[in-house]
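> The residues making up each chain are set out below.
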Amino acid sequence: MNRQVMENGVWVFIENDLGAIADVSFELLWKGRELADQLRSELACFIIGHGVLDAAPELIAHGADKVYVADHSQLGHYLTLPYTRIAVELIREYLPSILLIGATNTGRDLAPRIASHMRTGLTADCTDLQIGEYKFGKRIWNKILLQIRPAFGGNVIATIVTPETRPQMATVREGVFKQPSVDSSRKGQVVQLNPTLTEQDLILKIVERVKAEKKVNLKSARVIVAGGMGFGSRENFKIIHELAKILGGEVGATRAAVDAGFIDREHQIGQTGVTVRPNLYIALGISGAVQHMAGMQESNRIAAINTDPNAPIFSIAHYGIVGNLHETIPRMIKAYKEKD
Amino acid sequence: MSYDMVCLIKQVPDTRNVTSDVLREDGTVNRQALPAVVNPDDLFALEMALGVKDKFGGKITVISMGPPMAVEVLKDALSRGADHAILLTDKKFAGADTLATSHVLESAIRKNGNFNLIFCGRQAIDGDTAQVGPQVAEKLNIPQATLAESIEYLHGDEVVIRRVIEGGYERIRGKIPLLITVTNTAERPRPPSVKRLMFWKKAKTISSVQSEEEREMLSNRGLLIPVWDLEDVGCPAEVCGFVGSATWIKRVESVKLTPREHKCFDTSEQGIKDLINELIVEHII
Chain A
1 MNRQVMENGV
11 WVFIENDLGA
21 IADVSFELLW
31 KGRELADQLR
41 SELACFIIGH
51 GVLDAAPELI
61 AHGADKVYVA
71 DHSQLGHYLT
81 LPYTRIAVEL
91 IREYLPSILL
101 IGATNTGRDL
111 APRIASHMRT
121 GLTADCTDLQ
131 IGEYKFGKRI
141 WNKILLQIRP
151 AFGGNVIATI
161 VTPETRPQMA
171 TVREGVFKQP
181 SVDSSRKGQV
191 VQLNPTLTEQ
201 DLILKIVERV
211 KAEKKVNLKS
221 ARVIVAGGMG
231 FGSRENFKII
241 HELAKILGGE
251 VGATRAAVDA
261 GFIDREHQIG
271 QTGVTVRPNL
281 YIALGISGAV
291 QHMAGMQESN
301 RIAAINTDPN
311 APIFSIAHYG
321 IVGNLHETIP
331 RMIKAYKEKD
Chain B
1001 MSYDMVCLIK
1011 QVPDTRNVTS
1021 DVLREDGTVN
1031 RQALPAVVNP
1041 DDLFALEMAL
1051 GVKDKFGGKI
1061 TVISMGPPMA
1071 VEVLKDALSR
1081 GADHAILLTD
1091 KKFAGADTLA
1101 TSHVLESAIR
1111 KNGNFNLIFC
1121 GRQAIDGDTA
1131 QVGPQVAEKL
1141 NIPQATLAES
1151 IEYLHGDEVV
1161 IRRVIEGGYE
1171 RIRGKIPLLI
1181 TVTNTAERPR
1191 PPSVKRLMFW
1201 KKAKTISSVQ
1211 SEEEREMLSN
1221 RGLLIPVWDL
1231 EDVGCPAEVC
1241 GFVGSATWIK
1251 RVESVKLTPR
1261 EHKCFDTSEQ
1271 GIKDLINELI
1281 VEHII
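Sequence lines, in order, name chains A and B.
Taking my numbering, the leading residue of the first sequence gets 1, the next gets one more, and so forth.
Taking my numbering, the leading residue of the second sequence gets 1001, the next gets one more, and so forth.
These are computed hints drawn from the structure, not numbers from a lab.
Each hint should be verified, as a subset may be incorrect.
[As the list claims (entries may be wrong)] When the alpha-carbon atoms are kept at most 30 Å apart in a straight line, the in silico DSSO-like pairs for lysine-lysine are as follows:
#, chain 1, residue 1, chain 2, residue 2
1, A, Lys238, B, Lys1263
2, A, Lys245, B, Lys1263
3, B, Lys1273, A, Lys219
4, B, Lys1092, A, Lys135
5, A, Lys337, B, Lys1273
6, A, Lys135, B, Lys1091
7, B, Lys1111, B, Lys1053
[Unchecked claim] Here are the in silico distance ranges between beta carbons for each label pair:
#, chain 1, residue 1, chain 2, residue 2, range
8, A, Val207, B, Glu1253, 44 to 52 Å
9, A, Gly51, B, Thr1267, 52 to 60 Å
10, A, Asn142, B, Phe1199, 55 to 63 Å
11, B, Phe1056, A, Ser184, 55 to 63 Å
12, A, Gly132, B, Gly1156, 51 to 59 Å
13, B, Arg1190, A, Arg234, 21 to 29 Å
14, A, Lys178, B, Asn1112, 41 to 49 Å
15, A, Ala20, B, Arg1221, 55 to 63 Å
16, B, Val1243, A, Asp264, 39 to 47 Å
All residues carry an ideal CB built from backbone N, CA and C; glycine is no exception.
Work out the full structure, taking the sequences as your base and the hints as a guide.
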């Protein structure tokens, strides 16, 4: 793809299920607006689904200059093949410079498929996006997307660029960027597409869908009590639930604790989970992998308890206790119950 | 109907439990101190393939792209029940991003022959991108089912997959050929069988064979693991490795952890009480 002809603004994929738009899509509109302003270009977004035309004014109010709407009765839920085809046709026609997609289960299915079609680069789970320059030998690329993410299990922070191909694609987890403020007086353009589906598009069909109510709301919790591998078992994790309940907080966990089966994935905090900014974050038995810390280091106050005095988590903690969890947590519960 | 299956696996540094033991004095991570393991999710992918083989019959080819030492993950997969293994090794494959990696894997899968089902782990713990699977599927021009937990139905070319969605799951019905990425909530991987382990322990790649006699002995016993380089794989050099990568690394900073001043409390009842009181006084809780 010739990059000279693909400098047509910043695009955001608007993820929705039956018209309900994912939070991360609004967050990407906020970041997309900032990037588009820096590039002095336009911010466009596209939404694929059923009954989604009504969403267009809301997307404009959240910062979009242009909204492409692909509405079809068989596209109410995400399907890899038709969503990819529609996205690729739009990209080929309008040649966006940057394309941002939420790093949700859906976004992580769609983004690599699009990137492969376009033979372009894709960076997963970025924790920051900036516009900047890149030099390699004597060549300089100006005003390209700097895609910043932890790598190698979060032990290094890498800045990645896609100099030669377009669009420059990145995915971002929910909660990394802010929700934009809404300005319902903003004006924008709505472009309606009339997608037709082929038999090939529908080779995979959804036969059943089961969604549970979201039980955990980490993003708006004032207090989060989070546990790591230090607990050793699902059984031992129970005391975290008890402490969180007493403090009126939610329970969080590291990826390692989730992978070990101590707690369900919806509790996962970090680069590959949710990013949180509570008033108080209590890290229990968490050593402090950078990918975990990327998701909680902006907490107002951090208290860490760990048996290892050299655990990296202490480097970002405001309060620290070196000691045994099974001894300390019951004492915390007792002390809080007995507070004056 | 029996099935021709391919399982893509990767050798990764075990980044799951980075403790202070592997931190250098300056606070950076000593990656050499991390053991090399089979990417954890890939074992779930292999298990799903083995489940299909148990029920319907078929053969499983495991393919890994990596340095010569990555043969170890192939031997692990063979010990768990895979039938064939191919190691993709070439200096020209090095430095690949997910786009370039998927080109090599696509070519290797095509060269390996007929396929009905391709399995990959959800994502690899060193990069966490979850991109290679879908990118291979796109290049093979077949559909994909990501985040699969189980194959609930398989008959002829009809398949029903249960996969994870945000806050729940869905069942999708379709036709093979299909590429499936498997989560770690799927069936738990079986351990290697002792008999197979003892057998495959002696396996080698041709490049690590010392003599012609050894090569012949291993070959006769089926213990020679094929190694394919760029020429064998047969894809254009310009789409592989560093040259074929669309993403370039501008900068890598090792994360340095320098202790921040924090208030320490001890674990005595009084120490904990002081912490709780401080949080209350500061209006934190």
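> Hint by hint, say whether it matches the structure.
Here is what the structure says about each hint:
1. A:Lys238 / B:Lys1263: holds (27 Å)
2. A:Lys245 / B:Lys1263: The hint holds at about 25 Å.
3. B:Lys1273 / A:Lys219: holds (28 Å)
4. B:Lys1092 / A:Lys135: holds (23 Å)
5. A:Lys337 / B:Lys1273: Distance ~10 Å between Lys337 of chain A and Lys1273 of chain B Cα, so the pair holds.
6. A:Lys135 / B:Lys1091: Distance ~25 Å between Lys135 of chain A and Lys1091 of chain B Cα, so the pair holds.
7. B:Lys1111 / B:Lys1053: Holds - the C-alpha atoms of Lys1053 of chain B and Lys1111 of chain B are around 22 Å apart, at most 30 Å.
8. A:Val207 / B:Glu1253: 44 to 52 Å: holds (47 Å)
9. A:Gly51 / B:Thr1267: 52 to 60 Å: This hint holds: roughly 57 Å between Cβ atoms.
10. A:Asn142 / B:Phe1199: 55 to 63 Å: At 58 Å between Cβs, range holds.
11. B:Phe1056 / A:Ser184: 55 to 63 Å: holds (57 Å)
12. A:Gly132 / B:Gly1156: 51 to 59 Å: holds (54 Å)
13. B:Arg1190 / A:Arg234: 21 to 29 Å: holds (22 Å)
14. A:Lys178 / B:Asn1112: 41 to 49 Å: 48 Å Cβ-Cβ, so the 41 to 49 Å window holds.
15. A:Ala20 / B:Arg1221: 55 to 63 Å: holds (59 Å)
16. B:Val1243 / A:Asp264: 39 to 47 Å: The hint (39 to 47 Å, Cβ to Cβ) holds, given that Val1243 of chain B and Asp264 of chain A are roughly 43 Å apart.
In terms of the numbered hints stated before, the structure departs from none.
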